[in-house]
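Each chain is listed here by its residues.
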Amino acid sequence: MTTMTSRGVSRGSRKRSRGDALAAAAFLAPFLILLVIFQFGPVAILIRDSFYSYSLANPDIAKFVGWGNFTRLFNDPIAMQSIGVTLLFAVGMVALVIPLAFLMAIYLNQNLPARGFLRTAVFLPVVTSSVVVATLWNFLLANQGLVNAIVQSLGFQPVSFLTDASTALPSIIIMSVWQQLGMATILYLGGLQSLPGDVMEASLLDGAGPVKRLLLVVVPLLSRTTVMVVVVTTVFALQSFTPAYVMTQGAPEGTTNLFVYQIYKSAFTLQQPGYASAMSIVLLLGAITVSLVQMRLLRTRWDY
Amino acid sequence: MRDFPILTRHRRGVAVTAALATAALTLVGCSPGNSGGNSNAQGCDGGPATLKVLRATGQLPTDQQLSAYTTKTNGCVKFDVTDVPFGQYADKVSVLSASSNAPDIYGYDMPNTANYAAQGILLPLDDHLPAGWKDDVLPATLTEGSYDGKVYTMGIQQDVLSLYYNKTLTDKAGIEVPTTLDKTWTWEQARDAMLKCQQGTPGNPTVYGLAPTQLGSGTPGPIYSDLLFLRSNGDPKAPKDSSAYKTFYAISPDGNAVDGWLNTPEAVDAATFYQSLYKGPKAVTSVTGRPNAFLDGKACFEMFPTAQVDALKEAKVPFKWGNSPLPYIKTPIVHTGAISIGASAKSKYKDQAAKFVVALSSGDLAKQYAKDTLRMPTLNSVYEGLPEFHQAPQSMFYKQLQERGAPRPPTTHFSQYSQIVEEALKNIAYGSDPKSQLDQAVSQLTPLLSQ
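Chains as they are written, first to last, in the working numbering: chain A, 7 to 310; chain B, 18 to 468.
If we strip away everything but chain A, and leave its shape as in the complex, we get (with noise of 0.2 Å):
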């Protein structure tokens, strides 16, 4: 009878499991049908192709190439300085925001007039158009642009922020810091508004200043967030476009071609799909290895 009880409950339960399956399939199923068609297949064509030489308007008569179009990735000084000046887009924007965001969130975290104001004002270039902010941009930094003419109010000459050499990745990084410090904010934001209330009462009780609480309590509590704010400016950074597109096109002598645009010339303009699906992989190996190793050097000891 036991027996028979127990076999009961368990089919049962087998039949409960199932159903419990089939309903979470169910609702996964819109999902995952367009994840594995607009995510996993595109990736799995892109590996295919990067295997193979061709045009985009005969993709018929393709060459199977094998590891060429990596090979000579490696061996491309074009596609070697677009990854090393998209390297250092990223550490300028990442060295940049961490320090920006955490004081700009800790300035927001108090009790200020106008508070929601503010931080709707710090968000919105976020969700601006990145065109529209390149191109307002393009304008303010213009040899004759609001910012030159600041400049030479001051009694300086103009500088060619666009067109020199030395100057025109600086201008680009600063551009996407003023795009994205909203962002990286918020997540600070969030970030200090749930730090445990008896841990900072403990460290007022036993005495800690404010700069001491700041760097000693406050900054590691929030590196869980911190490795998410690197984590996140850095695969923006890595996968960033449009300042090269819309605002100097990769001049002045490649540097600021960053690799995404040198992906997209390679792919539409040079017509080798092939060889910008190469590179497309290694962007994805490296964004994912960069992250990783950011996870890895950055791992949280604390937990609350």
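These are calculated hints, taken from the structure and not from any lab test.
Hints may be right or wrong, so weigh each one.
[What the hints assert, rightly or not] Cβ pair distances, simulated, as ranges:
1) ASP108(B) / PRO176(A): 22 to 32 Å
2) MET301(A) / GLN468(B): 37 to 47 Å
3) ASP313(B) / GLY161(A): 24 to 34 Å
4) ILE43(A) / GLN408(B): 53 to 63 Å
5) ASP108(B) / ASP66(A): 13 to 23 Å
Here the structure is a predicted model, which is why all the values come from computation and not from measurement.
No residue lacks a Cβ here, since even glycine has one placed at the ideal position from N, Cα and C.
With chain A held as given, fit chain B onto it using these hints.
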């Protein structure tokens, strides 16, 4: 741990239906769309057809032309138009031409003809050409519209660069600007005049000698205008193995070699002169600058195609203006080429598509288009039949085309050539060493052209 509640049969059904519906919608969304219903018109030669047209926004074939042709064919030919921004047009052609949804008609930039023809995108039109057309058309248009001995586009219009000048400013500076071909300035003379007219510091003027370019991406380097500096320092009458001859053509006749054509000593000298327009004590323009500087009366001169005439008239600018032939270094030259139309080699309606192209590029429709728009025609018969073109500045434009018109370097790799040479010229304008930039362009192009 809390179990998920078991779904009722009804709810499971809803969930499964939702999943299937999503899959179905996704597949439907990804499948080629219907190109539109066919005409029900009776008695259509070759049957009724709806031709898919891919054109750059605001360019050929215009809505008026399409409407006129539908009327002309009694509704037998209708159109389904897709507009693409000009800057993205070539990319779109690359992607669409190989798809099952390829257009029937392309409204594309003529220098791409060899490229598209070699890739099997365009349909040869030789079987449809009107009698006597080859004798009537501008030689440069015929060259540019042909590949491997066959005609792929006939050209409807031609653009031609000239030097627009602000007469109010040049009069004030005491400059007499030539308006006829026999008195065309050399670039040295033109730059002296620009310097004389310019106001403020070279490199940072209040009134530019030469307006910053608005062509291409609005930065220096478009080969349509800027490669002319290099080519005009060559000589097409020099011996064929001379660097002067090769400089003029800037690419080998087969379109497969640039070493010794693009980086000749003459080309480097011309590029150095070109750089002096942007940098140094004789700078007359700027690598970045205010858009519409000429229209705003903030520039003495501007290099621009014929379309600026309309813009100046519509803007009702408060200054007098005129046109001077494009300056040169040793040999006068202007690039030909404009948006043209071609039929797709993959079209289901090849015959109708080819007939449409021919109808718009010749006869009454071509004449009407020239009359309505005052864009330079490609046919002498149209030019002769329209008195509007025999007045300045149109008459000077047309003479430039006839006597100095040359296609951009013809190659089946035009998009690669254009991109790489433009980058080199841009870097030169920004201050890079001209020789190393041209050599670098050659080394990038050489493996691409040999593919």
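Hint by hint, here is what the structure shows:
A hinted range of 22 to 32 Å holds for the C-beta pair ASP108(B) and PRO176(A), which are about 30 Å apart. The given range of 37 to 47 Å is respected by MET301(A) and GLN468(B), whose C-beta atoms sit roughly 42 Å from each other. At about 27 Å, the beta-carbon gap between ASP313(B) and GLY161(A) stays in the expected band of 24 to 34 Å. ILE43(A) and GLN408(B) have their C-beta atoms about 60 Å apart, which keeps the hinted 53 to 63 Å range intact.
Evaluation of the 13 to 23 Å hint for ASP108(B) and ASP66(A) yields a pass: the beta carbon distance comes to about 19 Å.
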